[in-house]
Amino acid sequence: MHIIRAVLILGLPTMAAAQVLTYPPTRVDTQTDTLHGVEIADPYRWLESAAAPDVRAWADAQNVLTRGELDRFERPRTAIRGRMEELFEGAITLAPRFAARSRFFLKREGPQAHPRLYVQTGVEEEPKLLLDPAALSDDSSATLSWWTPSPDGAFLLYGVAPHERSADGLTTLRLRDVAKPGDTALEIPRVLAGSVAWAPDSAGFYYARRPDAPAEPASSPVPPFELLYHRFGTAVADDPRIEIPRADAALGVRLRLSTDTRQVFVTLIDSAADNRVYLRTSPTEFKPLFDSPGARVRADADADGLFILSDHASPRFSVYRTAVDKLARDDWQAIVPQQSGVIEEFALVAGHVAVNVLEDGYSRVRLIPRSGGEPIEIELPGMGGVTGLTSAAGGGTLHFQFETFFVPPVVYTYDVEKRELKEAARSTAKVEPADYVAKQVWFQSTGEARVPMFVLHRTDVERNGENPTVLTGFGALGRSQRPRFEPLLMPWLDAGGVYAIAAVRGGGDFGRQWHLDGRMTHKTNTFDDFAAAAEKLIADRYTRAERLGFYGLGHGGVAGGALIVRRPELFRAILCESALFDLIRYHRFAPGGLARGDYGTAEDASQFKTLSAWSPLQHVRRGPRYPAVLILSGAPHDAPGSLHARKMAAALQAASPGDRPVLLQTAPGVGMGAGGPLPALLDAAVDRWTFFFWQLGMLE
16 MHIIRAVLIL GLPTMAAAQV LTYPPTRVDT QTDTLHGVEI ADPYRWLESA
66 AAPDVRAWAD AQNVLTRGEL DRFERPRTAI RGRMEELFEG AITLAPRFAA
116 RSRFFLKREG PQAHPRLYVQ TGVEEEPKLL LDPAALSDDS SATLSWWTPS
166 PDGAFLLYGV APHERSADGL TTLRLRDVAK PGDTALEIPR VLAGSVAWAP
216 DSAGFYYARR PDAPAEPASS PVPPFELLYH RFGTAVADDP RIEIPRADAA
266 LGVRLRLSTD TRQVFVTLID SAADNRVYLR TSPTEFKPLF DSPGARVRAD
316 ADADGLFILS DHASPRFSVY RTAVDKLARD DWQAIVPQQS GVIEEFALVA
366 GHVAVNVLED GYSRVRLIPR SGGEPIEIEL PGMGGVTGLT SAAGGGTLHF
416 QFETFFVPPV VYTYDVEKRE LKEAARSTAK VEPADYVAKQ VWFQSTGEAR
466 VPMFVLHRTD VERNGENPTV LTGFGALGRS QRPRFEPLLM PWLDAGGVYA
516 IAAVRGGGDF GRQWHLDGRM THKTNTFDDF AAAAEKLIAD RYTRAERLGF
566 YGLGHGGVAG GALIVRRPEL FRAILCESAL FDLIRYHRFA PGGLARGDYG
616 TAEDASQFKT LSAWSPLQHV RRGPRYPAVL ILSGAPHDAP GSLHARKMAA
666 ALQAASPGDR PVLLQTAPGV GMGAGGPLPA LLDAAVDRWT FFFWQLGMLE
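For the record, in the sequence shown the residue sitting at position 269 is 284 according to the working numbering, with numbers rising by one throughout.
Rather than coming from a laboratory, the hints here were simulated on the basis of the structure.
Some hints could be false.
Below are the SDA-like pairs computed for lysine to any residue, each with C-alpha atoms no more than 20 Å apart in a straight line [what the hints assert, rightly or not]:
{"#": "1", "residue 1": "K143", "residue 2": "G168"}
{"#": "2", "residue 1": "K624", "residue 2": "Y641"}
{"#": "3", "residue 1": "K454", "residue 2": "A554"}
{"#": "4", "residue 1": "K437", "residue 2": "L109"}
{"#": "5", "residue 1": "K433", "residue 2": "R478"}
{"#": "6", "residue 1": "K445", "residue 2": "K195"}
{"#": "7", "residue 1": "K433", "residue 2": "R385"}
{"#": "8", "residue 1": "K122", "residue 2": "R92"}
{"#": "9", "residue 1": "K122", "residue 2": "T443"}
{"#": "10", "residue 1": "K445", "residue 2": "Q135"}
{"#": "11", "residue 1": "K122", "residue 2": "V446"}
{"#": "12", "residue 1": "K437", "residue 2": "V138"}
{"#": "13", "residue 1": "K433", "residue 2": "R381"}
{"#": "14", "residue 1": "K302", "residue 2": "D346"}
{"#": "15", "residue 1": "K437", "residue 2": "R379"}
{"#": "16", "residue 1": "K122", "residue 2": "P390"}
{"#": "17", "residue 1": "K122", "residue 2": "G105"}
{"#": "18", "residue 1": "K143", "residue 2": "L109"}
{"#": "19", "residue 1": "K195", "residue 2": "L243"}
{"#": "20", "residue 1": "K624", "residue 2": "D57"}
{"#": "21", "residue 1": "K445", "residue 2": "D475"}
{"#": "22", "residue 1": "K433", "residue 2": "P390"}
{"#": "23", "residue 1": "K454", "residue 2": "R559"}
{"#": "24", "residue 1": "K624", "residue 2": "R611"}
{"#": "25", "residue 1": "K302", "residue 2": "R385"}
{"#": "26", "residue 1": "K454", "residue 2": "R478"}
{"#": "27", "residue 1": "K454", "residue 2": "R556"}
{"#": "28", "residue 1": "K433", "residue 2": "G410"}
{"#": "29", "residue 1": "K122", "residue 2": "Q135"}
{"#": "30", "residue 1": "K195", "residue 2": "A115"}
{"#": "31", "residue 1": "K302", "residue 2": "E258"}
{"#": "32", "residue 1": "K437", "residue 2": "E394"}
{"#": "33", "residue 1": "K302", "residue 2": "P215"}
Label pairs and their in silico Cβ distance ranges [what the hints assert, rightly or not]:
{"#": "34", "residue 1": "P694", "residue 2": "A66", "range": "26 to 36 Å"}
{"#": "35", "residue 1": "E104", "residue 2": "D167", "range": "35 to 45 Å"}
{"#": "36", "residue 1": "A76", "residue 2": "G248", "range": "26 to 36 Å"}
{"#": "37", "residue 1": "R277", "residue 2": "Q528", "range": "33 to 43 Å"}
{"#": "38", "residue 1": "R246", "residue 2": "A66", "range": "31 to 41 Å"}
{"#": "39", "residue 1": "D86", "residue 2": "V251", "range": "29 to 39 Å"}
{"#": "40", "residue 1": "A200", "residue 2": "S355", "range": "50 to 60 Å"}
Beta carbons: idealized from backbone N, C-alpha and C, even for Gly.
Can you make the complete structure from the sequences, with help from the hints?
Structure, rendered in structure tokens:
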């Protein structure tokens, strides 16, 4: 018997007994707004003022209440954490990046706080530790947000973020000489994560920076970013700005150096469905490669020219080629036609275009000869997910990372000439894949949509309608769900729980239209799909409503908020993490970002009508029996995302005075993803599972 099952079954008193909590007192104001002729009550507006002493005291009292409820389950919490620590005793190695003759990669060995960055020069050389993120702060809490080696492999640019503010996307840029210990004196604050690219000559770099924030960021609009170019030997204060048309209208920005290290691309993100790409023509000038609305575009280059991945004419993406001096759309030549699945990424290798295709929930890797000929299908070791498709400039080997729900990441190399797949680095974890099942089921939703869902559980779980089950998904920004190994999930499965991942509309699992069908005026399709997924789990006798929970992170948490107020009868417990709940006012605060392109804003009359029909905060009412709710916000009290958590918790506590708790916790480590320090990630995961074990009857 597994240790977690033993703890839950042997000798534990019943701890899920009904009780009525006494919540911290919450002031109710008479604040109202009139938008487009409609009066909107906002009685908890005062909770937006993060710096106010009464708001801080209220939030602290909520944390005390939540900690008291979760911490009383000492034995199961200890067992859950012990299992997760056991899973991190192995080694995790991630896909490499290349610069000149050097190979850079992240690796975590045992319970290290963070993966460490290594560099290897030549296949015969031993990897050398280049950067240990644990050394970036006195308490090992700072995170390595991004990193990029120079084209000549001599230097490393990287971004560090304080643990408590790592979710806001702002980092401090630092520079390290690969051949020397420690950093140089260069340091630039407020650099956007993922928005740095080296100049081809390794003598400078491009970066996007947000100007200094106003004194009260929680009540200020998103400040614009500025694109700059820094050349070594000059003062940062003198860095010239890169002027690109309508850059101030973009919601985000990405910079990239091409595979051959000769081209620099700037991508301005107008929404999750639209972006523009510009090509460097001189150190401070860029010209448009693609600047039309209504498409997503990514670009790369090698000696054969520019290669463009786009869904402008094919909703599941195609790859095109053109010359550097022929950027007009009519000059693009289709190299990789639209596939039966969605092309998620591509790489340039040995006269081929390698594509990573998501097809019915699983990854496939194909090599398409640029000169024509039959595609080469790389035979993967199973049904799983592929990421990190890459190759070295001028090389003949493709590199990528493969994983399944129960097999940790394995880095593979594929020799194009020999057509030979080899294992380069295998991660390890104490998981026996044969003990678990990952089944894909399909269900019907509104509008005759057919939606897939992965259902995970131990092999000995029976479909008897009694299994504690957690449903999750994302359903936004065109992002797809694919199999990936998640060690933090295993304690739930080991205890007999079921975990279901639905690829709902709003994601990118079936291409552009799947995303469009779950955004703006069609956003409620996302919520309908999740509700249909819940009904499918109940109909197939995996569980029943009293044992069904929902977990939503980020935009998945937005869906969780909508499910609380739209379909409360389907769920016993809902956990929302780092989510937006006030969709009428969210655009007034950072971070708005890509959410504006998926949801719209209340400033527009027609978009206001759509948002007011489903915004979770505005639809909390007395009367319905809402699920038990845990709302987690991972940033400090003054972070914009935490105001949504405070307002939604206050509204639900006022509307739900019964025996199903509504709990709020604001703490570092929530919403961190894989980039956070391991102790904080484990703390947050223990809290999540404690809530679901408690509310879904695992502790009875």
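Holds or violated: K433 with P390, Cα cutoff 20 Å? holds, 15 Å
Agreement of K122 and R92 with the hint, judged by alpha carbon distance not exceeding 20 Å: Violated, at about 28 Å.
Decide if the proposed pair is consistent with the structure: K454 and A554, CA atoms, cutoff 20 Å inclusive. The given pair, whose Cα atoms are some 16 Å apart, holds under the 20 Å limit.
Restraint status (C-alpha distance of K624 to Y641 at most 20 Å): violated, 25 Å
Against the 20 Å threshold, does the CA-CA distance of K433 and R381 hold or violate the hint? Judged against 20 Å, a Cα distance of about 15 Å means the pair holds.
Holds or violated: are the alpha carbons of K195 and A115 at most 20 Å from each other? Measuring from Cα to Cα gives roughly 18 Å; hence the hint holds.
Decide if the proposed pair is consistent with the structure: K445 and D475, CA atoms, cutoff 20 Å inclusive. holds, 19 Å
Satisfaction of hint between V138 and K437, Cα-Cα up to 20 Å: Roughly 15 Å between the alpha carbons, so the hint for K437 and V138 holds.
Hint check: K302 vs D346, CA-CA at most 20 Å. Holds or violated? holds, 16 Å
Can the restraint linking K437 and R379 be considered satisfied, given a maximum Cα separation of 20 Å? holds, 16 Å
With the threshold set at 20 Å, check whether the alpha-carbon distance from K122 to G105 stays at or below it. Distance ~11 Å between K122 and G105 Cα, so the pair holds.
For the range 31 to 41 Å, tell me whether the beta carbons of R246 and A66 fit it or not. Holds, at about 40 Å.
Going down the numbered hints, you'll see the structure goes against 2, 5, 6, 8, 10, 16, 19, 25, 36, 39, while the others check out.
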